[in-house]
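Given chain B, work out where chain X should sit, using these hints.
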Amino acid sequence: MVGLGAVGARSARLLVSAYGFTGLTVLSRRPERLSGSLELLGEPGAVRAERLTHSRFEACLSRAGVVLLATPAPGRHWASAALAAGVAVVSVNDDPAEVRSLLGLAEGANRAGVAMAVGAGMAPGLSCLMGAWLVRRMGRVDELHVATLGTGGPACARRRHAALREPAEERRRGAWTRRPPGSGRELVWFPADVGGADCYRVSRPDPLLLGRAFPGLQTVTTRAAASRRDRMTSWLPMLRRPHPEGALGAVRLEARGESGGLAEALILGAAGRPAVLAGTVAATTAAWAAQGRLEPTAGGLAELVGDPAGFLAELIGRGVVLQEFEGTTPAPTW
Amino acid sequence: MAGSEGASGRRSPLALVGRALVAVGFTGLVALFVRLRGTGGTPSHRGGWRQLSVQDLAAPPPEGRAAEPTGA
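Line order of the protein sequences matches chains B and X.
Just so it is clear: in the first sequence, position 193 is 193 by this note's numbering, and no numbers are missing.
Just so it is clear: in the second sequence, position 42 is 1042 by this note's numbering, and no numbers are missing.
One thing to keep in mind: the hints can contain errors.
Unchecked claim - A few chain X residues that don't get close to chain B, going by computed Cβ distances all over 12 Å:
#, residue
1, Arg1010
2, Pro1013
3, Ala1015
4, Gly1018
5, Gly1025
6, Leu1029
7, Val1030
8, Leu1032
9, Arg1046
10, Leu1057
Stated by the list, open to error - One-sided and incomplete, this derived list gives chain B residues near chain X with beta-carbon spacing under 7 Å:
#, residue
11, Leu312
12, Phe325
13, Glu326
The set of hints was computed from the structure by calculation and includes no laboratory data.
Computed from a prediction, not measured in an experiment: that's the story for all the values here.
Just so you know, even glycine gets a beta-carbon here, dropped at the ideal spot from N, CA and C.
If we strip away everything but chain X, and leave its shape as in the complex, we get:
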């Protein structure tokens, strides 16, 4: 950008704006790359919430499950 410098060595305002735009553009490209490269997004999620009643809480565990906690 030597050509954009005046005789006094000062850069013209237009050159500074150009450099700023290049920097912003480059940052945007990097951000875009990082966003697209990520494995994010909303994971699949099927089903819903069912309200529990007092009877649900008192019901015995389904067959095949131990009555006593083994986590204890």
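Here chain B stands alone, though its shape is the one from the complex:
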């Protein structure tokens, strides 16, 4: 593993305790700061922290089944080295530029015959899996709309801050468009305890990954809940340090299409701490990648997971509560 933040720690704990990974090595630029976190990850010595250097990374690759990149820093260099060594890679980074960069390693993944899973967190990640399941379930899907609320660790909060000021790229009526950040207010109802929140366009890679997986989709958008202060201060540096970990959050995916000649909309959602949701998805993706259960190419989870129902069922087994909205909701303007 590279990085041990809020998401990485959750992934590491699950990989050791639930998936029986042994000899898990966490590579970090400052391993001395991880001693407290390592104590919480199981038996002493179950997880080892080492300084991230090229030589240490290469040495770890020789006995690794999968590399999990749980860091906000660019990971193309490490991913490229792992693929060259024939080791699968999973990245949780949700920066569109980083996602594009990692998708460019598809040839290396194909050549090595291993998966390069990109955006394996809450959104993208869980959102892509819910989209893949809904697309298989519905007769015809034209639109997918992702909405999120909350953040994981500090890196996630910083990324969301940046996402609110960068132009949002989305697919609309079959064409890619760039929309102003923070525009397109929409009241979104999240699962049970979370309730409704105003959501705005943000720069996230969900449309890119879902659009790649399902090229026939006409419209794919992504929004995030934000307060007035979030939007007004998005162009400034963060005014205060982000919290160590965000509180209750949620992800929601709405699929619109047709069934039996009638318009139909299905909505899935999941609520919980974003770092926990993202960490569970990342750990399960890493386990599936190590077992060779992902398509041997580069892509998002909607592209790489051939059995989204099986993957989501495994997430339920790991404590993720998936919910489906039943009722009527006003047609959104998106």
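Relative to chain B, chain X alone:
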């Protein structure tokens, strides 16, 4: 408000307060107009969230739905 100016041409404090109150009042009226004119409010929303089980995920699509995605 020429009458509120003294011989030296300076406005009295009372006149300035009056002008400020008028400005605040006018701003409030405009804000009220914009708020009331908007079509906002909480849209109607009926229903609730149902927790999905593993069986729900594995169940075949309801009749009339294609087994293969056409979004792909």
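The hints, checked one at a time:
1. At roughly 38 Å from the closest C-beta of chain B, the C-beta of arginine 1010 of chain X stays outside 12 Å, upholding its exclusion from the interface.
2. Its beta-carbon lying about 34 Å from the closest one in chain B, proline 1013 of chain X satisfies the requirement of being farther than 12 Å from that chain.
3. Every Cβ of chain B is farther than 12 Å from the Cβ of alanine 1015 of chain X; the closest lies at roughly 35 Å, confirming the non-interface assignment.
4. For glycine 1018 of chain X, the requirement that its beta carbon stay farther than 12 Å from each beta carbon of chain B is met, with the minimum near 32 Å.
5. With a least CB separation of 24 Å from chain B, glycine 1025 of chain X remains clear of the 12 Å interface cut-off, as annotated.
6. Chain B leaves leucine 1029 of chain X outside its interface by the beta-carbon criterion, the shortest separation being 22 Å against a cut-off of 12 Å.
7. Remark: the non-interface label on valine 1030 of chain X is consistent with the geometry, its nearest Cβ contact in chain B lying 19 Å away (cut-off 12 Å).
8. Every CB of chain B is more than 12 Å from the CB of leucine 1032 of chain X (nearest about 19 Å), matching its label as outside the interface.
9. Not every CB of chain B lies more than 12 Å from the CB of arginine 1046 of chain X, the least distance being 5 Å, so the non-interface label is violated.
10. Here leucine 1057 of chain X does not stay apart from chain B, with its beta-carbon only about 4 Å from theirs, under the 12 Å limit.
11. Among the interface hints, the one on leucine 312 of chain B holds; its C-beta lies about 5 Å from the nearest C-beta in chain X, closer than the 7 Å criterion.
12. A distance limit of 7 Å between C-beta atoms decides the matter here; for phenylalanine 325 of chain B the minimum to chain X is near 6 Å, and the interface restraint holds.
13. With its C-beta approaching chain X no nearer than about 5 Å, glutamate 326 of chain B sits inside the 7 Å limit, and its interface hint holds.
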